[in-house]
Each structure stands twice: as structure tokens, then as C-alpha cells.
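J.: Residues per chain, in single letters:
4 protein chains.
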Amino acid sequence: MARWERRDIPVRTLATGHELTIPVFHCHGKNERPLAYIQANVHGAELQGNAAVLALFDLLSETEPLGSLVLVPRVNPVSENQVFGDYVAGVYDFQTGMNFNRGYLYLTGPSRGSNEACYVDVSAFAASHAARPVAEIKPAFHEALRAALTAAREEAVTWGTDFRLEFALAIQQMAIEADLVLDLHTGDRAPRYLYIPEGAHDAARAFQIPFVLEVPHKFGGALDEAAFVPWQDLANAFTRTGRPEIGRLVDGFTVELGSMNAFSLAEGILDAGRIANALRFYGILPGPVAPPETSIFSCNVGDYRSIYTPASGLVDQAVKPGTAVRKGDVVARIADPSRCKTLPPSSREAIVEVTAPEDGIVILFHAFSSISRGARLLSMMTHVKPL
Amino acid sequence: MARWERRDIPVRTLATGHELTIPVFHCHGKNERPLAYIQANVHGAELQGNAAVLALFDLLSETEPLGSLVLVPRVNPVSENQVFGDYVAGVYDFQTGMNFNRGYLYLTGPSRGSNEACYVDVSAFAASHAARPVAEIKPAFHEALRAALTAAREEAVTWGTDFRLEFALAIQQMAIEADLVLDLHTGDRAPRYLYIPEGAHDAARAFQIPFVLEVPHKFGGALDEAAFVPWQDLANAFTRTGRPEIGRLVDGFTVELGSMNAFSLAEGILDAGRIANALRFYGILPGPVAPPETSIFSCNVGDYRSIYTPASGLVDQAVKPGTAVRKGDVVARIADPSRCKTLPPSSREAIVEVTAPEDGIVILFHAFSSISRGARLLSMMTHVKPL
Amino acid sequence: MARWERRDIPVRTLATGHELTIPVFHCHGKNERPLAYIQANVHGAELQGNAAVLALFDLLSETEPLGSLVLVPRVNPVSENQVFGDYVAGVYDFQTGMNFNRGYLYLTGPSRGSNEACYVDVSAFAASHAARPVAEIKPAFHEALRAALTAAREEAVTWGTDFRLEFALAIQQMAIEADLVLDLHTGDRAPRYLYIPEGAHDAARAFQIPFVLEVPHKFGGALDEAAFVPWQDLANAFTRTGRPEIGRLVDGFTVELGSMNAFSLAEGILDAGRIANALRFYGILPGPVAPPETSIFSCNVGDYRSIYTPASGLVDQAVKPGTAVRKGDVVARIADPSRCKTLPPSSREAIVEVTAPEDGIVILFHAFSSISRGARLLSMMTHVKPL
Amino acid sequence: MARWERRDIPVRTLATGHELTIPVFHCHGKNERPLAYIQANVHGAELQGNAAVLALFDLLSETEPLGSLVLVPRVNPVSENQVFGDYVAGVYDFQTGMNFNRGYLYLTGPSRGSNEACYVDVSAFAASHAARPVAEIKPAFHEALRAALTAAREEAVTWGTDFRLEFALAIQQMAIEADLVLDLHTGDRAPRYLYIPEGAHDAARAFQIPFVLEVPHKFGGALDEAAFVPWQDLANAFTRTGRPEIGRLVDGFTVELGSMNAFSLAEGILDAGRIANALRFYGILPGPVAPPETSIFSCNVGDYRSIYTPASGLVDQAVKPGTAVRKGDVVARIADPSRCKTLPPSSREAIVEVTAPEDGIVILFHAFSSISRGARLLSMMTHVKPL
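Chains as they are written, first to last, in my numbering: chain R, 177 to 563; chain G, 177 to 563; chain C, 177 to 563; chain A, 177 to 563.
Derived by calculation from the structure, the hints in this document are not laboratory data. Check the hints yourself; a few may be wrong.
As a list, the in silico SDA-like pairs of lysine to any residue whose alpha-carbon atoms are at most 20 Å apart [to be verified]:
hint: 1; chain 1: G; residue 1: Lys517; chain 2: R; residue 2: Leu235
hint: 2; chain 1: A; residue 1: Lys517; chain 2: C; residue 2: Arg179
hint: 3; chain 1: A; residue 1: Lys206; chain 2: C; residue 2: His318
hint: 4; chain 1: C; residue 1: Lys517; chain 2: A; residue 2: His204
hint: 5; chain 1: G; residue 1: Lys394; chain 2: G; residue 2: Leu425
hint: 6; chain 1: R; residue 1: Lys517; chain 2: G; residue 2: Leu425
hint: 7; chain 1: G; residue 1: Lys517; chain 2: C; residue 2: Glu195
Work out the full structure, taking the sequences as your base and the hints as a guide.
T.: Following this line, the structure appears as C-alpha cells:
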């Protein structure tokens, strides 16, 4: 059977000196590779990935993996402990304003400082490895990424390591080792949906998730991008040197498992099933890859558009998340009794109807039912294609 | 038809000088009395009462009331604008820690200061009105309450009016005029339930709400108590002077319309129907009072008990709010993958099961699915009786 | 020399399972008693007490105490880690709204529940110890308090221990053992000042702090009261049985060491000197008690009054904290350029002058220079007497 | 005398529908130009600029300006009303994590969307105005910026205007009209210091502020950059077409007026004097420009470095802000009694000394005296030159 290790890694030291650590479970299967890195709950209010990890624990005790996995549930105790009254505000760091999923280092391009040791020059790398086989290129590039990360750590010694860098270093030290990175999130109020590297359609299907957003090869600070963009940069560099067959050797996905502030062990078993199917696709788990059970719809992230509410008030959803709409359909009603200026007052005057500006599929609604003008009311896919 | 007025009353001035006001809708029916005072959303995340008020607007444009109503939706803009990331933290004032529903003045007992003009001595009042008919006692006591509130306002002139007093004065100036006070709240994650003055069973039935908590005649700072306790104190004083027939002349209820952060216009129509039935019971709307459609269960507030979670983690509800349980039944599973110390890890080790300490009905769960040890996990009715 | 022990006691478990602990330093001097319990920083932004404790560490390594001390710096990691942007909001628990210094148990009166085992009936105790000498009464009453605290802990087993109780139990388990309790706080923007049990004038002088507030023998939830009120209740009970000579055998003080968000190691040495002088008064440190170096002024807590600002805006202090003022003196100017409605605009129209409503001494100003109407602008002693 | 106008512009609508507005004071002097745009308090806790504006009001009633001024005190009510307990957390928007001074639009380069109408192509502009005199170029470029801003506003109509854009549009609509933009901030705990466009040394001297940071011609989202970078881009474009004499026609400065949470009307008069001297330099006020009274030191923003604290704890400043230090000098002591693991405990073990990594001048310390490892402890100028 698989061999397991557990470590606890510090990611933040509180003002009072207490360390916040994260639990890292390393499941060594038949082979060390392919290696999946799977984390959950980097945004404090996005809980369901932890249920998926628990179900994966149970599943992995029954099935020995062909490759290996690093599983990190509750990866962000800083975020999860930002409790205000009844709720967790987990997207931004309340000390710095930083979105916890936008602070990773770009290891094949300038990310923070100007020190060239802190990133890999992919053109130079492709040149120096021009005639090497893939089996040598991959570990050599892993090694180069490792060196870049070490340089970033060392560069910070003189002036100190800030919060953002401390967190990025802790996570990326694990994630850069992987062949596949899954970052388990949730939407605000949403169905299951999936961010994929542009064009990774076969892999996408293996997740059996009905809504897919394709992410261009451009670094924006998120973990999925931090995982796959450097390898795409490398692929592009090899293509420029006449070796297009190298391709992208590592993939990264953001897997959105429903809504914030939802947690269900029973749903977690289904989510683990979806992830396991993808792990079979990547050769990490044994067995055949099941085809998707339902149609899958995709669009580019650039066509994933948000409506910013034209009025403050209370949100009555006119459609469920995951519903296809036509341009002009009412998608939400924003009610505010304060708007009743005409007497006798009527609900009609209190309500502002919001309609879809284009055809598409409504994916998520704002997590709270009271909203300020200019806040994101919902996000919807447009220019949708079947995958 | 009814005659309507609208006013906007300031309840807080921001640091930048902007006034936060509340909209007050006064619906004058055939007679000025009986008068209902209905407010919604005093806790910022408890939204559904506003849907009920909107539906009452529509209902009152079709049916002329026999009495009158003052309707105050979104009564607490301070609270509703306490937005942290995605959510509203609306129970406590983030400047003072005050629960927005615990700061009202006790107008028949010492509340804040020692100035005797700030409350009515019910024994003296009963003595001086010993031989008067109810029809005179009621307006005279209304007048006495008004005088006490005015005294409280004036007492604050020298040293200034603090936040809590400013809010209490604004609300109670309206509420003390009423014959019936309804404070529309929600639970955290809950079905509809109702707080009633102890013994007000017939009125309770009119609300057609299945779960009822009976509040003793003791002032704790909430609006329902601020409404009915002074009149119960008066009733008791008259009883002591040999006139038990006077009874409590004003009632106050806290009406819990489902869960925090839920808002539905469609449900609001049903909620307005429940409230309208109660208004018929009190003679404010015309027409017969419909009997409850389902069984109603009640207990004393002292038997409404909370479980404080014995473990931190993620909450998987084992029963739905509103479910009857027996002592020992599992009511929730608290999961935390960090608890997996044994390898290979298993979901079993991650989960702490919480069981019901007594027979009863689970009413509400904590609003968030991540919870710290010692936080209220759920509240349940015990020693439940059919009403 | 003194013998030291260190323990770390958990006071809160975070949602992620991490324990927040407090460091407890027990300095065993020549004798176990008299025993001082000294804690610092129960409000997260009130830091200076920690500097005093550090200086006491150094002082105690030079001087062996006659009695013993329990020193608990940074006693409230929950509070200190409530960081919002640049600042700590440390008075209220952001999960519950509770003032961290108002949740202690009243061990000689009903505090939370109705269970009689949870508090000591002082009249019964005085009756059953009517003829005993003080040397027996004191340990017996310590034992009774211990039993009450244990009962409170056990009463919570069935339904769970909430945050507030967990904290109170952890602190009071230490504090009830002491003969002297010092709770080191700071004001908002303030000089050193001191809360004393009403009438404890000689002890007060030993602190060498110029401003003194006398606290009546009434429990309001603070630690100083939790320390001395039970013993005053006992003293009163013995007085009723004809033994007025027993008196209050334990004292509790809140020591305000300057302003929030100030921290100075150099000032900490001076603060430790003040505390050491008080410890000499109580026979815990050896040596003669120095007389105060300056005049001391006192008033009753009931005469310590707050001005709630009549206008929102920016606070320009017209007097320094610690300054005597006469009725009508300008104490602050509240400026808001938004108030300039007349053109050309002038600073005059922007400024609201606030004057002292009575003669007295201004002790503290609001911690922030932007303030909302109705917030506490300042607090001042009135009816001041030399001590 | 000058002619004044006042407007109130909305910048945010709260969830409850209340509008937060900002007061805009337009002082029309002898001529409409040169026009200064001066705002204060965009970060909620940075108050002192408002005192400067009040003193400018008084100064402008005595002296008619040659040009004109738009003065906007308290420019960010969203930020200033983010009150948590005693303090304001004003740098980041608690709904979105956005730094309020990083969301402005780059009107000569792609800022948010891809719509080319939303920014001015400076090369095309330079080409089409190749032979025009400066007196025509300047108003034409103002007009082009206006058109770009209008395009950005209109682009948002379909999907809605988010918070950040709403704020940027409101401010930039005013600021792009100006010849000189001053954004009045404060440091955390700091002396007066000044951000200038790289090389604007003569203007810098006019401010009479001892510490100067030179900002490169690169857009990072701040208002000073939003003001001067487009005009520098234009200057560079003209240089490329052989007209280097055009130069940068508009300047922008961030003026840091001391520490957060400080407010003094008396200091405001001195600050207004500094600003008035700069306004004379720009020909907006009449009279000769006074020379600086003290030495001025400057460095590039790239050499303005921050120390991230290597340990959590309480900050004892070893030097005052504004002090020159040598590499290796102790600049702060971070104390935490919890670090005393050796018994008897001593202050020595509790303290971590932080030293300067290079020669330079310490400018600011963290605003709070309790700090977490990895937070910015201080910022210091290095490679300092006299200006």
C-alpha cells in the first residue's frame, strides 16, 4: 500500500508569536511521479475542498496510486481565522489587502524584484537543452525552478521576508515539484466549475465538471498560473527553437467545488470521485478514465464577465447559478424598500431588475444578499461553446 | 383607502458627517389604533423581514386596515453597512461591541443612569390611577412612557448622547406609541420561529409559525422586551392593587423569518401572510383569523439551550434546522483534516461527532461552516410542549 | 534566590485548531504568600504593561521577594491578534462583541447560570466560620472560591464551554489564589492613572500614580472587581455578624500605564518601579515603601464622566490628558471641512468647540483623531479630591 | 477676491442606498490657470492634510491667487468610515482589498480593459501635433485625456461600474484638468516627506520638506503617477520626434504630512505654508518663493527600502523617524516576554534587536507597536544624496 508522511509547515507567525502551520500529507504510491499537488481552502471561506481531501484520504487507503500525491487541506490558516461576527472574510489579507491567491512568484519572469537569479530564462534554458530528450528536460527544468525559488528566498534575507513572500515560498516549494497542481476553491454562490490551461480539453473532460473557463498563458499571480505558465513558457521557447513536440509538461487547475460557506462530507465523496477521475487521466491513479456524464460548456476567461450591480439593495436571484440565459433575461432583482418614494408604497418601486447584457450562462452570485452599488452582482460565461 | 406618510429619521452620523437615516412608513387606516410598530433588519445580516415589509406594502394597498401601522424596513443602516469582504457582520456594533438588539431603555425600571425621571414608577402610577377605566389607563401610561423617554433624552444633553442611546431613543420614540410591536429578525440557519411574551398563546397561534419560545417578564435589553415588559410591570402593579383584570395591554414579538443572508421576494409574500394573520388577531387588519396549518411546539427561553462546539473545524449538519432529536442523536459532525495524526489518514479521525445532550428540537446552526471551539454550534428547544 | 516556573496555558482554539496560549511565569520567593497575580495586555492594543513585566523580570533577578508572584504578560492573544490594517482593535471580541474585561465570573453572587454551587454564599460562610481566626478564614475562603470555580467549570461540561467562560476560567483559576491582583491596562490617550477599591487610599499612594478612580464594591465583570468584590462581600458578611475587624483580605487594582499603542522599554522600568513600591506595601517585596513624589487626585468612578462628541470630525486636543480644567474651558476642537457651507470657506465654520461641562481633570481622549458623533470624545474626573 | 464654488460629488453608494459624497471647493483666482488640484485623506487614517486644507481656506481669503485651485478635503469617506474598535483601517477597501491609492486609470497606456479609446496614444498625438506650439499642445492633450476618461466611463455602461472605477472616475475627472496635483497623505509614524517626479528638484525645494523620494516615470496606480506620467509619456514622445523642449507640462506630488492618526490645527498652518510656497513656485499664488530652511535629502524610490520584522512582538523604537543611521545601528527592539524560555526570565531574552542593513535615514515606523513577523517594521532611505 501507499506510504504516508505528514509534516506541519509554518506559514505565518502571529503578533503574539504563535505559529500558524499547515498540515501536509504526502502519499507515496508505486512511483514518486507523476506527482500531484492538491491544496484546499486558500481562501478562508471556501471550505468544500477539505471534504474532498478527506474523501481522498479514504479512497487512497483502498487504492494504491501509481504516482504520488501531496495533499494540503486548510492551506491558509491566516485566512480562515479572519472571523468577523458570524462569517469569515477570507479572500483578502486584512493586514495587507492582498488576495491570498494573487501573491505567488512568477518563476520564469520578473515577479517582485529585479534580481535575475530569481527566475529562469526559458530561452537560455531551451538553448542549453536544445538536443536533450524530454526525460532529461523535465527534471532539469524542475531543478532550475527550484534554484530560482531558492534565490528568491535568499534575496529576502537582508531586508526580511514579508507576509506575501513567506506564504508564496512555503506553497511553491511544494507545488513546483509537481506534475499536476490542483487548487481547490469554491465560487461565491455557484455550481461546480473549473479553470483550465487554455486548450487542455481532454484533461478538462476528466474532471466531469459542467462549466469550464480557459485561462490564457499569462501570469496573473494565481497558483494554477504559477504552476503551468512557466512550463508553457518553456514549451514556447522550445517551439521557437524548432521543437514544438515538447509541449507543456505540467498542468495547473483551479477547481471550484460549489459555494462559499458550504461544507458537506457527502458531497465531498462525489468531489473526490471527480478529482480521482482526473488523477487517472494523469496516470496518478490506476484504472480507466470515465467519460463526462453531462455536457460541458466552456469559454475563455476573457469572456467570463461580471455584472456590477447598478443599484444597492437586497438580492433576489431570478435564476439559479448554472442557468443559461438570453440577452435581456432578468437575472436578479435588487430590492430596497427605501426606494419607495411614491405613496402608497409598492414593492414595484423598490425593485430594480437586472438583465443579462449578453447570452450566456450565469455561474455565480455575490455571496451576500445585501449588496452595494458597484459590487460584483454575478459573473456569467459568454460566447459559450460545448467542450 | 389608507393614508400613508413617509419620514426619514437619522440614527447615526458617520465620522465624515454623513447621516444614516431610516425610512419610516406610516399607514393610517380607518382608526389610529390599534397601532402596530413593525421593524426589520436591526441585525445587518438578517434580511428577510424586508421582503415581508415589501409584501405588506402591496397587501395594504388592497386592504384598508382597521387600525394603523408604522413600518420600518432596514432599520439599522449602521449594522447593514458593516461589510467585511463578502459578508455583513451585523449583530455587534464594531465601534462599541454592543449587540444592536440589547441597548433599548427599560422605561419602568432603572436602565442606564440613576435619574428617576427616566422611568415610570408603576406602583405609583397604579396607585394614582387606581379607579380609572382601562380606556383611560392606557393613554395615560403611554403618556408616562413618553415623558420618561423625553427625560432620558434631556438627561443626555450635558455630556452628550452616545451611539447606543441615540439609536434607542430613535426607535423607542416610535415603538412606545404602539399597541403591538413586531421586530423582524432571522436565525443564523433556521426555520421560522417566534419569541412571545410568556403565555401569549392565542396570539402566538395567529402567526402560524411552528416553533415558539416564551420570554419571561424580565427586561434584557431587546425590543420585544422593551415593548411588553413595561406593560406587564403595570399589569402586575394593578394586580397588586386588586385589579388583575387590567392585564398586559401591549404585546411585543421577535419574529424570526428563516436564515441570515437569505432573501426571497416570493417567501416574503408568505411571511407577510403570517404577519397579516397576526394583525387580524390584534384587530389591525379586518377579517377572520386563520388557524395554524401545522402543529406548534413551544418551550421557555430558559429551556432553549445552545451547544458550544467541543472542537474546532468544519460543520457538517447531521440534521436540518427544525428537526426533533432524541438525547444522544448525532446532530453535527465537526471535521478537521488537521486532526489526522495516524497514518494513513482517514476521515474517521478527522471527525468529531456532536450529540444532543437532551431530547428536543434543533432550531438553528451557526451561520458559518467553519467554527472555533467554544462558539455556539447550534441552539435547540428542550422540554418542548405542543402549544 | 527566587525559584521560577513557566507554564503555557491555552485560552482559545482557533477555527483551524491552533491553540492560543499565554505564558505564565511563577516566581516563588521566600514564602508562597503574600501572592501577587499580575497580568498585562488583556485588551490587545494596551501594550505597556508588558514593558513593566519585562522590567519586573530584571528587578526580581536582583531582589528576592518575601512573597511570590504570578506574572502573565500578553494575557490575551485572541485580542492582540485582532489586526485590521495597521491597528489592533482589542477591546471587544470580534466574534462575540464581548469586552474582554467584562466577562469574569462573580464568585460570591449569581453570574451566569442559576446553579448555586457556582458561587459562595458569604452569609453562610461567615456563619460557619463565625469564631475562626483570620488565619483560618482566609485559606478557607480561598478554598470556597476554588470550589465555586470548579463547579462553574463542571456545569459547562454537558452543553460546552463558550469562549467567554473558557477565558474567565483560565484567568480566574490563577487570580483567585492571589492576595493582590494587578491588571495592567492603558487608557486610550492618557497619563498613568489607577482604579482602586473604594477607600484603599494607603495602597493607592504606594503606586505613585497621580490620578485615582475609586471603584465601589459592586461587581461589573472586570478583573479587579472579580478579585476584590468577593472578599469585600465576605468582609461585609462578617461585619453583619459582629466581626468588622476582618475587613477585605484581598485587593484588586486596574493600573493604567499611559496610552494605547505606546510601548517603551525605558518607561517600563519606571512603571516596574511604581509596581514594586506597591508590592513593598503589600509585603511581597522587601524594603520600605516610598511616599508619592507628586500630589494625587481622586474621585469616585461615578464622577468619572465621559463627553460624547456633539459633532463628527477630526479631533484637535485643546488640553493635554492629565490637565485640570474649569467648567466652560475648551477641551477639544472637532474640525470637518465639510461643514464649510458659507463661501469663501473658513476654518472657523469647520470647527465645533467642545467645552468642559464641569470642573475637573481631563484624563483620556479617544484613541483616534477622527470620530463619529456620539462616540466617547474624552473622559474626565469631576468632584476631584486630593488623596 | 477669489470666487468660490462648492459641489458635493458622490463616490460610493452604501448597501442601504445612502450616498457618500465628497466636498469639492473650487477657488477661482485671477485666472483659471495654472490650476492646482489638492486632495487630502484618501487613506482614511491619514488626517493631517485636512488641517492643511483648512489653513489654506483661511490663507486664500487673504490672498487672491493668480491661478485657481480645486481643494478636496476628506476625499475618501469610504475609507475614513472603516472603523474597527478604536481605530480606522484606511489603506485597503474592506470589500475588495484594493489600496485606495492604487486604482487610478493610466490614461496613456492600457489600464484595465483592452478598449483603445480608453487611453491616448502619445506617439500618434505627438505626430499629429508635431508642429504646434506648446500653448496649443497643452489644451489639446487635456482634451485628449478628457476623451479617454469619457471612453472609460462609457465602456462600463453595459456591465456596470465597479467600486474602483467609480472612485477613479470621480477623482480623475477633476485631477486631469489640473497643471499641478497634490495628494496629501501621511506616513505611518513619520516626519514630513515628499514624493516627486524624478528630477523635479526645484519644485521639490519649494515644499521646504527635508526628505524627498524620487518617483520614476512609470505608472503604478497612485494619483501622483496618474497625474504626471501621461504628461511625461507625451514629453518622451515629442522628444522622439525631435522636440525635447516640450518637457513635462504637468506635475504630481504625494505630500506626506507626518504620522497617521495625528491631527493638529496648529501644525496645519505650517503645512499650508509649505504648500503655499510650492503654489508660488507654480505661479498659482503671488509672491516670491522662499528657499528651504533646512537641508533636503533625497533618494530614488527604488532605494527607499523596508525592513520586514524578523520577529513578532512589541516595537520599541531605537531611533526617531527622520534619523540618519549607519549600517549595523540598532533601529528597533522587538520585545516579547513569551520568548523568555530560560529561567529566571530576563528582558534580554525577550528582545530581538533589529539593525540597519545599510546606511540611510529612517523615515517611518509601522503604525502600531505590536507587530507580526513579516510585517513592515520600518522604511528607510538609502543611497541618500543632498538635493
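J.: Are there hints from earlier that the structure breaks, and if so, what are their numbers?
T.: 3, 6
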